[in-house]
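Starting from the known structure of chain A, fit chain B onto it as the hints suggest.
Below, each chain spelled out in residue letters.
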Amino acid sequence: MGQVVVETKNLTKTYDGFTAVDGLNLHIEEGEIFGFLGPNGAGKTTTILMLLGLTEPSSGTAQVCGYNSTREPLKVKRIVGYLPERVGFYEDLTPKQNLRYTAELNNLPREEAEKRIGDLLAAVGLSGVADQELSKLSRGMKQRLGIADIWVKEPKLAFLDEPTSGIDPEGIDDILKLIVSMAKRRITVIFCSHQLYQVQKICTRVGILAKGHLVAEGPIDRLGRKTIGGGRYHIEAQVAQSDPKLIDSIKRVKGVKEVQASGDLLLISCDKDLRGQIAKLIVDSGSLLVGMKVEEYSLERIYKKYSREA
Amino acid sequence: MYAVFRKELADHFNSIRFVILFILVLLAAVFATYITIQSIRGAVTPTTEFVFLKIFTTSGETLPSFLFFLSLFIPIIGIAFGFDAINSERTSGNLSRLLSQPIYRDAVINGKFLAGLAVLSIMIVSVVAIAAGLGLRIIGVPPSSEEVLRLIVFALMSMVYGAFWMALAVLFSVFFNRAATSMLASIALWIFLFFFMSMIAGAIANAQVPIDQNSSLAMLTKNAEIQGMVGRISPCTLYGEATAALLVPELGSLNPALMISTLAAGRMLTPLPFNQSLLLVWPQVVGIIALAAICFAISYIRFMREEIRSI
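Protein chains in written order, with numbering that gives the first Met the number 0: chain A, 0 to 309; chain B, 0 to 310.
Since the hints were derived computationally from the structure, they do not count as laboratory data. Incorrect hints may appear among the rest.
[As the list claims (entries may be wrong)] Computed beta-carbon distance windows for the label pairs: (1) P272(B) with S134(A): 26 to 36 Å; (2) R300(A) with R177(B): 55 to 65 Å; (3) S125(B) with S134(A): 24 to 34 Å; (4) G16(A) with I121(B): 48 to 58 Å; (5) E306(B) with K114(A): 33 to 43 Å.
[Stated by the list, open to error] Covered stretches of chain B (in silico footprint by chain A; criterion: 3 or more residues with CB under 8 Å from a CB of chain A, positions within the stretch not fixed): (6) 2-11; (7) 97-108.
Note that the Cβ used here is the ideal one computed from N, Cα and C, for glycine as well.
Excised from the complex, chain A in its bound form (with noise of 0.2 Å):
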């Protein structure tokens, strides 16, 4: 068990009589990558402004290393970084004399500060551009320059909000890898997409969100077994004719968990990927394979069914 840096208790946010965030516990510790979900206006932002302290709780507590964000929010900001959504920049300066200011503002000595933004330009990729001005920089750039200006004041925590939006398929690589990269030097991540698949590639838990309730949370595989049922993996092979002989002679497999037929169709659960040998049971059996399909846990179909249920 790592350290807790993210602790909230039954953190309420009501605006108006409309309630974002209703009673949120939530529990995370050093080093995760937390995928925070939910569909828009289900209460992330709203999370993530109490967590800084910059939005008062209604009632509840956001804890943050030990630190009540809404008593101390000076001592969480100092150990917690925020990428929000629509993040911007000065435009008449250069990269560098943006993230010379973050370090200002965050007392860096100067010595130490330039060595960091040195590195951590290069770390991102942008020490070409160190010294252009930054109306030059394509929306990618800016998004790793972003995460760079997170980074200058080496947080315990990172709030990155929707960082790969409108960002082309190579770009949303580099950032991912920014990601994990970060969760190495034991930065704790919490990570709000609707981009389920990007989730699913770098979180090691998530968190879902709906109508300021949270209604799931937990490592992917474990809330897929919990929602989907079944082994990790779901087999779908299409065969001639299926015939129950064949279906016992699958189900003796080792690993195979259940099999349903449906038509020409059958549908395996299981916890490896056995594609090959259950190809050679079908084709064995004397039945034409036609088609086969595996399929892992998707994030998505967890995400629908449990904000379906929302």
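Same frame as chain A, but now just chain B:
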């Protein structure tokens, strides 16, 4: 707060806005001084005591005085350095980043206001110094210590006046989300207070106490009194009166009614001593400081209490 102050100051000095304004103000000042010096002979008699101050107050045949130019430009400078203080941060997406840094929220607004004030002060001091230097070079009469004192107080007064306009512009920048709106609002208010207020004051006075050529002295003073009272709602009037009393020591009173009766009685205008002039402008100074403080306080409170929902 120091970091915010330094960054804003550097931004101001690098901005095109600063360069343009500075050139404009400088040209106006130099030009006005030059014209004044041309026509100063007519304004100075052997008995004139404060020759040096005349550089700033004498107007040419077609051109107004240096003082008038300055009273025109100070509000513009104040507005120019304040109108987008907060809303530009908001629209550019910088505010959320700034507020998530470990600084108190008021450091943002204080740092910005102080940086604007510093730039404004530098501009006023340098313009007054350049005009004074130019005047000294050309007329060759060195200022007396009292004249220097009066000029220093005049410069301080101008800074306070500029601070008021900046505070007003910052106030609009907190309330309006678009920089264009806050600028237009500030300029509109300035035009109203600067140009229309005196007309409104005159109209109200004439409606209350109609005067014509046959009016008695009592009617005239009554009319002037009302006009002065209404006009003083505008900080432009306050600044005009205060600077006039500072730079024209012969001005014995700021009460128009009293001046009319003094003139009517045929009394000579003798210059007031410095401390008496100070006493005379004190209410005006306090008025402008109070207005600036009110504007700043409202924007401060609004900015501090504003709940951040999504930024």
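Now the hints, each set against the structure:
Evaluation of the 26 to 36 Å hint for P272(B) and S134(A) yields a failure: the beta carbon distance comes to about 58 Å. For the pair R300(A) and R177(B), the supplied restraint of 55 to 65 Å is violated, since their beta-carbon distance comes to about 44 Å. The given range of 24 to 34 Å is respected by S125(B) and S134(A), whose C-beta atoms sit roughly 31 Å from each other. Judged by the Cβ atoms, the range 48 to 58 Å given for G16(A) and I121(B) holds: they are separated by roughly 50 Å.
Evaluation of the 33 to 43 Å hint for E306(B) and K114(A) yields a pass: the beta carbon distance comes to about 38 Å. With a cut-off of 8 Å between beta carbons, the segment 2-11 of chain B has 5 residues touching chain A; three or more are needed, and the interface restraint holds. Taking a C-beta to C-beta cut-off of 8 Å, the segment 97-108 of chain B contributes 7 residues in contact with chain A, enough for the three needed, and the coverage statement holds.
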